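Use the sequences and the hints to build the structure in full.
Protein sequence lines, in the order shown, are assigned to chains G and H. Residue 167 is where the first sequence starts when you use my numbering, and the numbers rise one by one after that. Residue 11 is where the second sequence starts when you use my numbering, and the numbers rise one by one after that.
None of these hints come from the bench; they were simulated from the model. The structure presented is a predicted model; accordingly, all values stated were derived computationally and were not measured. Just so it is clear, CB atoms sit at the ideal spot from N, CA and C, and this is done for glycine as well. Check before you lean on any hint, since a few could be wrong.
[What the hints assert, rightly or not] No more than 30 Å apart at the CA atoms, straight line, and that leaves these computed lysine-lysine pairs for DSBU-like:
1. G/LYS173 with H/LYS109
2. H/LYS52 with G/LYS231
3. H/LYS109 with H/LYS66
4. H/LYS77 with H/LYS109
5. H/LYS52 with H/LYS119
6. G/LYS231 with H/LYS109
7. H/LYS77 with H/LYS66
8. G/LYS173 with G/LYS231
9. H/LYS52 with G/LYS173
[Said to hold, decoys possible] Partial selection, computed: residues in chain G whose CB lies under 7 Å from chain H:
10. ASP177
11. SER208
12. LEU211
13. LEU258
14. ALA269
15. PHE271
16. GLN273
17. GLY274
18. LEU277
[Said to hold, decoys possible] Which stretches of chain H does chain G cover? Using the computed rule of at least three CB atoms under 8 Å from a CB of chain G, they are:
19. 52-61
20. 112-120
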Amino acid sequence: SAVISQKPSRDICQRGTSLTIQCQVDSQVTMMFWYRQQPGQSLTLIATANQGSEATYESGFVIDKFPISRPNLTFSTLTVSNMSPEDSSIYLCSVEVTSNTEAFFGQGTRLTVV
Amino acid sequence: QKEVEQNSGPLSVPEGAIASLNCTYSDRGSQSFFWYRQYSGKSPELIMSIYSNGDKEDGRFTAQLNKASQYVSLLIRDSQPSDSATYLCAVNSEGGGNKLTFGTGTQLKVEL
Chain G
167 SAVISQKPSR DICQRGTSLT IQCQVDSQVT MMFWYRQQPG QSLTLIATAN QGSEATYESG
227 FVIDKFPISR PNLTFSTLTV SNMSPEDSSI YLCSVEVTSN TEAFFGQGTR LTVV
Chain H
11 QKEVEQNSGP LSVPEGAIAS LNCTYSDRGS QSFFWYRQYS GKSPELIMSI YSNGDKEDGR
71 FTAQLNKASQ YVSLLIRDSQ PSDSATYLCA VNSEGGGNKL TFGTGTQLKV EL
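See below:
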C-alpha cells in the first residue's frame with residue numbers, strides 16, 4: 167500500500183475563486199487519479215494525472231476547469247477553477263502503486279462553495 | 011458504457027448474521043474487482059480484491075467472483091455494528107482504459 171496525504175482536508179470558498187488541492191504519496195507510484203464524490207453519490211473519475219505530460223480527462227471534465235499537475239511520481243495537484251456552488255463536493259486523490267493493482271485513496275478534500 | 015450495478019439498500023442485518031452484498035458489471039473484458047468500505051464522511055478503504063473466478067477469504071470477509079455471470083459479491087460473516095458503512099464495488103477493465111468504475115454503493119446497517 168501507500169501513505170497518501172491530501173490537503174486541505176476541507177475548505178469553504180467564495181464563488182468565482184480557485185482552490186488547489188495537493189496529493190503527496192510516501193513512495194513512487196505508477197498511477198495517480200482524481201475523483202469527485204458529490205453528496206450521496208458514488209465516485210466519478212475526473213482525470214488520470216500523467217507524470218510529465220497533460221492529464222487525461224474523462225467525459226464531462228475539461229482542463230480549463232480542473233487543471234492538474236504531476237511533476238513527479240509522488241505528487242499531484244488538482245485545481246478547481248472559477249468555482250460555483252455546483253462544485254461543492256468531496257475531491258479524492260487515488261494511487262495505484264503499479265498499474266492495474268489495488269487503488270488507495272487519500273483522506274479527501276471536502277469543498278463547499280458559497 | 012461500462013456499468014457497475016449495486017442495490018443501494020439500506021441492507022439491514024442483525025449483529026452476528028451474514029451480510030451478503032452483490033454487484034453486477036456490464037463489461038465482459040473486466041479483469042480486476044474490488045470492494046471498498048466507506049464510512050460516512052471518510053474516504054473509501056480497500057477491503058478485498060479478487061481477480062479470478064471462485065472465492066477469496068480474508069478474515070470475516072469473502073469475495074466471490076463469477077465472470078460468466080458477470081457477478082461479484084462480498085460476504086461478511088459475524089457482522090458487527092462497526093461494519094455499518096457503504097460498500098462500493100469497483101471494476102477495472104482493459105476496455106475501460108484500465109480505470110476503475112465504481113458502483114453506487116450499498117449501505118449496510120448492522121443492528122444490535
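Okay, the hints, checked on the actual structure:
Pair hint G/LYS173 plus H/LYS109 holds up; C-alpha atoms about 24 Å apart against a cutoff of 30 Å. Taking the CA atoms of H/LYS52 and G/LYS231, the gap is about 25 Å. The hint holds against a cut of 30 Å. Only pairs whose Cα atoms come within 30 Å are accepted, and H/LYS109 paired with H/LYS66 is accepted, the gap being roughly 22 Å. At most 30 Å may separate the alpha-carbon atoms for a hinted pair to count; H/LYS77 and H/LYS109 meet this at roughly 18 Å.
Under the criterion of a C-alpha separation no larger than 30 Å, the hint pairing H/LYS52 with H/LYS119 is consistent with the structure, at around 17 Å. Of the supplied pair hints, the one linking G/LYS231 and H/LYS109 holds, its CA atoms being roughly 21 Å apart against a limit of 30 Å. Proposed proximity of H/LYS77 and H/LYS66 is supported: the alpha carbons are some 14 Å apart, at most 30 Å. Distance check on the hinted pair: G/LYS173 and G/LYS231 sit about 19 Å apart at the alpha-carbon level, within 30 Å; holds.
Taken as a hint, the H/LYS52 and G/LYS173 pair is honoured in the structure, with Cα atoms around 14 Å apart against an allowance of 30 Å. Taken as an interface hint, G/ASP177 does not check out: its beta carbon lies about 15 Å from the nearest beta carbon of chain H, beyond 7 Å. Among the interface hints, the one on G/SER208 holds; its C-beta lies about 5 Å from the nearest C-beta in chain H, closer than the 7 Å criterion. The restraint placing G/LEU211 at the interface with chain H holds, with a minimum CB-CB distance near 6 Å, inside the 7 Å limit.
A cut of 7 Å between beta carbons decides the hint on G/LEU258: the least distance to chain H is about 6 Å, and the hint holds. Checking G/ALA269 against chain H: minimum C-beta separation of about 6 Å stays under 7 Å; hint holds. Contact between G/PHE271 and chain H, as hinted, is supported at the beta carbon level, the nearest pair being about 4 Å apart and thus within 7 Å. A cut of 7 Å between beta carbons decides the hint on G/GLN273: the least distance to chain H is about 5 Å, and the hint holds.
Given hint, G/GLY274 at the interface with chain H, holds; its Cβ is 4 Å from that chain's nearest Cβ, closer than 7 Å. The closest approach between the C-beta of G/LEU277 and any C-beta of chain H is roughly 14 Å, which is over the 7 Å cut-off, so the hint fails. With 6 residues carrying a beta carbon less than 8 Å from a beta carbon of chain G, the stretch 52-61 of chain H meets the three-residue requirement, and the given coverage holds. Only when three residues or more bring their CB closer than 8 Å to a CB of chain G does the claim for the stretch 112-120 of chain H stand; here the count is 4, and the claim holds.
Of the numbered hints given earlier, the model fails hints 10 and 18; all others are met.
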